[in-house]
Amino acid sequence: MRRRLRAGDVAVLLVLAAWATPYFWQLRTSFTPDVELLAVRSVLPDAPTLIHYQAVLERSVMPEALGNSLAVASLTTLVALALGLPAAYGIARLPVPGKGLLLLGIIACTAFPQIATVSPLYLLLRALGLRDTWTALVLANTSFALPLLIWLLAGFIREIPVELEEAAFLDGAGRLRVLGLVVLPLIAPGVASAALLTFLAAWNEFLFAYTFTATEASRTVPVALALFPGVFEIPWGDIAAASILASLLPVLIVIGLQRWLVRGLVAGALKE
Amino acid sequence: MTARRRADRRAGLAFVAPAAVALAALALYPSLWVLWLSLQRRVPIFGIAHFVGLDHYAFLATDPRFWNAVRVTLVFTGASVALELALGLAVALALQRQRAGRRLALSLLLLAWALPAVVTARLFEWLYHPAAGLVNLLLGQPLNWLGDPGLALPGLIAADVWRTMPFVALLCYARLLTIPAEVWEAARVDGAGPLATLRFVTLPLLRSILLVALLFRTLDALRAFDLMFVLTGGGPAGTTETLTVYAYRSLFQTLQLGFGAAIGVVIFALVMAVAAGYLRVLRREGLAA
Numbered sequence: 001m002r003r004r005l006r007a008g009d010v011a012v013l014l015v016l017a018a019w020a021t022p023y024f025w026q027l028r029t030s031f032t033p034d035v036e037l038l039a040v041r042s043v044l045p046d047a048p049t050l051i052h053y054q055a056v057l058e059r060s061v062m063p064e065a066l067g068n069s070l071a072v073a074s075l076t077t078l079v080a081l082a083l084g085l086p087a088a089y090g091i092a093r094l095p096v097p098g099k100g101l102l103l104l105g106i107i108a109c110t111a112f113p114q115i116a117t118v119s120p121l122y123l124l125l126r127a128l129g130l131r132d133t134w135t136a137l138v139l140a141n142t143s144f145a146l147p148l149l150i151w152l153l154a155g156f157i158r159e160i161p162v163e164l165e166e167a168a169f170l171d172g173a174g175r176l177r178v179l180g181l182v183v184l185p186l187i188a189p190g191v192a193s194a195a196l197l198t199f200l201a202a203w204n205e206f207l208f209a210y211t212f213t214a215t216e217a218s219r220t221v222p223v224a225l226a227l228f229p230g231v232f233e234i235p236w237g238d239i240a241a242a243s244i245l246a247s248l249l250p251v252l253i254v255i256g257l258q259r260w261l262v263r264g265l266v267a268g269a270l271k272e
Numbered sequence: 273m274t275a276r277r278r279a280d281r282r283a284g285l286a287f288v289a290p291a292a293v294a295l296a297a298l299a300l301y302p303s304l305w306v307l308w309l310s311l312q313r314r315v316p317i318f319g320i321a322h323f324v325g326l327d328h329y330a331f332l333a334t335d336p337r338f339w340n341a342v343r344v345t346l347v348f349t350g351a352s353v354a355l356e357l358a359l360g361l362a363v364a365l366a367l368q369r370q371r372a373g374r375r376l377a378l379s380l381l382l383l384a385w386a387l388p389a390v391v392t393a394r395l396f397e398w399l400y401h402p403a404a405g406l407v408n409l410l411l412g413q414p415l416n417w418l419g420d421p422g423l424a425l426p427g428l429i430a431a432d433v434w435r436t437m438p439f440v441a442l443l444c445y446a447r448l449l450t451i452p453a454e455v456w457e458a459a460r461v462d463g464a465g466p467l468a469t470l471r472f473v474t475l476p477l478l479r480s481i482l483l484v485a486l487l488f489r490t491l492d493a494l495r496a497f498d499l500m501f502v503l504t505g506g507g508p509a510g511t512t513e514t515l516t517v518y519a520y521r522s523l524f525q526t527l528q529l530g531f532g533a534a535i536g537v538v539i540f541a542l543v544m545a546v547a548a549g550y551l552r553v554l555r556r557e558g559l560a561a
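Residue numbers (my numbering), protein chains in the order written: chain A, 1 to 272; chain B, 273 to 561.
Just chain A, same shape as in the assembly:
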């Protein structure tokens, strides 16, 4: 059902569009030739150009960084789901010994500051010979992604009625089959939103990636953007293009998969 926009609705949209201006301005800058950058005359560039995107894609490490980020964020999400889904089911449904302590530990883990754990993790990963690898980043990211994922998924599992699982037990199914064939399909929307949040957090992560990487073999997008080179002067147009490329996937997720994203974001906070 489509409703007509009223004056009040338009006002809210204008305010929110104004809030998003910094992003739109970077979008404009990424299409503006260098000569126009320091002398802004109008809202849109006089002679829009793709030269900055060409520079970033052909002469910077951004393409490799995008590949690394895609791999690290996807693998982090998969590993966290593989470990987190059974754990969430166990916590929500099964009599695990020491459950209270475990829950407290998981909540405490979500509050751990990365700056405190970064130095031991650095020594650990170096000792394992994992510096400058995807594996190092996936392991490090799991340390903050997993607790949040378990918390969200356990909440979603508690929402579904136990009776549905009981029926499957009477048919002789084991716990693992029940989880895979009964529970998982029912919480699929919740899993999707938790996975999206994990992916976004891993895509945006900077401190671990900056510390544990050394070359374009594993540098992710935020690291490449933070280290974006300027030889004599800062290449504002190229940086703008690189920023837009770095945020392309998060922006697409917000616009295209908003419903799923919001569900997970809100679930973590509204559940008391």
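If you are wondering where the hints come from, they were derived from the structure by calculation, not from laboratory data.
C-beta: ideal position from N, C-alpha, C; glycine also.
Among these hints, one or two may not hold up.
[Said to hold, decoys possible] Incomplete in silico selection of chain A near chain B, CB under 10 angstroms:
{"id": "1", "residue": "Val162"}
{"id": "2", "residue": "Leu164"}
{"id": "3", "residue": "Leu176"}
{"id": "4", "residue": "Tyr210"}
{"id": "5", "residue": "Ile244"}
{"id": "6", "residue": "Trp260"}
[To be verified] Cross-link-like lysine to any residue pairs, in silico, SDA-like; alpha carbons within 25 angstroms at most:
{"id": "7", "chain 1": "A", "residue 1": "Lys99", "chain 2": "A", "residue 2": "Leu57"}
{"id": "8", "chain 1": "A", "residue 1": "Lys99", "chain 2": "B", "residue 2": "Leu551"}
{"id": "9", "chain 1": "A", "residue 1": "Lys99", "chain 2": "A", "residue 2": "Leu148"}
{"id": "10", "chain 1": "A", "residue 1": "Lys99", "chain 2": "B", "residue 2": "Arg276"}
{"id": "11", "chain 1": "A", "residue 1": "Lys99", "chain 2": "A", "residue 2": "Ala111"}
{"id": "12", "chain 1": "A", "residue 1": "Lys99", "chain 2": "B", "residue 2": "Arg471"}
{"id": "13", "chain 1": "A", "residue 1": "Lys99", "chain 2": "B", "residue 2": "Arg281"}
{"id": "14", "chain 1": "A", "residue 1": "Lys99", "chain 2": "B", "residue 2": "Glu454"}
{"id": "15", "chain 1": "A", "residue 1": "Lys99", "chain 2": "A", "residue 2": "Arg158"}
{"id": "16", "chain 1": "A", "residue 1": "Lys99", "chain 2": "B", "residue 2": "Ala548"}
{"id": "17", "chain 1": "A", "residue 1": "Lys99", "chain 2": "B", "residue 2": "Pro290"}
{"id": "18", "chain 1": "A", "residue 1": "Lys99", "chain 2": "B", "residue 2": "Met544"}
{"id": "19", "chain 1": "A", "residue 1": "Lys99", "chain 2": "A", "residue 2": "Ala20"}
{"id": "20", "chain 1": "A", "residue 1": "Lys99", "chain 2": "B", "residue 2": "Gly549"}
{"id": "21", "chain 1": "A", "residue 1": "Lys99", "chain 2": "A", "residue 2": "Glu165"}
{"id": "22", "chain 1": "A", "residue 1": "Lys99", "chain 2": "B", "residue 2": "Leu467"}
{"id": "23", "chain 1": "A", "residue 1": "Lys99", "chain 2": "B", "residue 2": "Thr511"}
{"id": "24", "chain 1": "A", "residue 1": "Lys99", "chain 2": "B", "residue 2": "Gly505"}
{"id": "25", "chain 1": "A", "residue 1": "Lys99", "chain 2": "B", "residue 2": "Leu300"}
{"id": "26", "chain 1": "A", "residue 1": "Lys99", "chain 2": "A", "residue 2": "Gly174"}
{"id": "27", "chain 1": "A", "residue 1": "Lys99", "chain 2": "A", "residue 2": "Leu5"}
Could you slot chain B onto chain A? The hints should help.
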């Protein structure tokens, strides 16, 4: 039934064990190790590693750079969180009245939240450019936002509020959607004006979610690193150097792992104290188990 229960216990252990082991190795173990590290003088490039007890903490107690970082961290956290909550609440109330275009509104709102903090830092670096930045173009003034010791911290706070206000707004908005329309109807029938409704109906209903948002945002602001590290690097003259930036510089730029770890432990303690304090409040309010 007992056989079933024993099987369930076994299954429960098997289901929880992999995640518990991973968290113990990747989160719990490092968080204990950092305590041990902070009691050592450790400079890897010179092969130095020996026990110094509480020396690093004794040094921090009289270190002006440390106390400056404490002040910057607290000002940054207090100002960012207060502005985020006030603006987020206002935006949520505006969104609640929205009849059409809600999807577009949420997309515009969440855009700033979804961007990596490093991208936000790069965005604001350009917005604050003294000669060609949009901020100065609109103000008509040649202010050096990131170079002036009096402007850098406000500039940093503005960037942080920009990227995190949407989170608070979304939480409040989601809570408002769960309140039945009769509540507002009743307030109107009782003759409550907009201000009285806000003060006596809306805010009490939003109290719990505001407390939760306050907790999440305070913890994140205390731990924030990416934005200031990339936008100002702690400068000018240390006016934006938070505890996290000081810790990072000690750890990986001057390579004093033990000393940096000690600052990390201070941040750790600060965060845990805040979390424990909030939990007490939430429990007293009957909001947490």
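Evaluation of the provided hints:
1. Val162: violated (12 angstroms)
2. Leu164: Where the cut-off is 10 angstroms and the nearest Cβ of chain B is about 17 angstroms from Leu164/A, the hint is violated.
3. Leu176: Holds, about 8 angstroms.
4. Tyr210: OK, holds: Tyr210/A within 10 angstroms of chain B, min 8 angstroms.
5. Ile244: Nearest chain B Cβ about 9 angstroms off; hint holds.
6. Trp260: Hint violated; Trp260/A Cβ to chain B Cβ min 12 angstroms, cut 10 angstroms.
7. Lys99/A / Leu57/A: violated (50 angstroms)
8. Lys99/A / Leu551/B: Distance of about 19 angstroms is within 25 angstroms: holds.
9. Lys99/A / Leu148/A: holds (17 angstroms)
10. Lys99/A / Arg276/B: Holds: Lys99/A and Arg276/B sit about 19 angstroms apart, inside 25 angstroms.
11. Lys99/A / Ala111/A: holds (19 angstroms)
12. Lys99/A / Arg471/B: violated (41 angstroms)
13. Lys99/A / Arg281/B: Judged against 25 angstroms, a Cα distance of about 11 angstroms means the pair holds.
14. Lys99/A / Glu454/B: violated (41 angstroms)
15. Lys99/A / Arg158/A: holds (15 angstroms)
16. Lys99/A / Ala548/B: holds (20 angstroms)
17. Lys99/A / Pro290/B: Roughly 15 angstroms separates the two Cα atoms, so the pair holds.
18. Lys99/A / Met544/B: holds (21 angstroms)
19. Lys99/A / Ala20/A: violated (44 angstroms)
20. Lys99/A / Gly549/B: The hint holds at about 23 angstroms.
21. Lys99/A / Glu165/A: holds (21 angstroms)
22. Lys99/A / Leu467/B: violated (46 angstroms)
23. Lys99/A / Thr511/B: violated (45 angstroms)
24. Lys99/A / Gly505/B: violated (42 angstroms)
25. Lys99/A / Leu300/B: The hint holds at about 16 angstroms.
26. Lys99/A / Gly174/A: holds (22 angstroms)
27. Lys99/A / Leu5/A: It is violated: about 51 angstroms lies between the C-alpha atoms, which goes past 25 angstroms.
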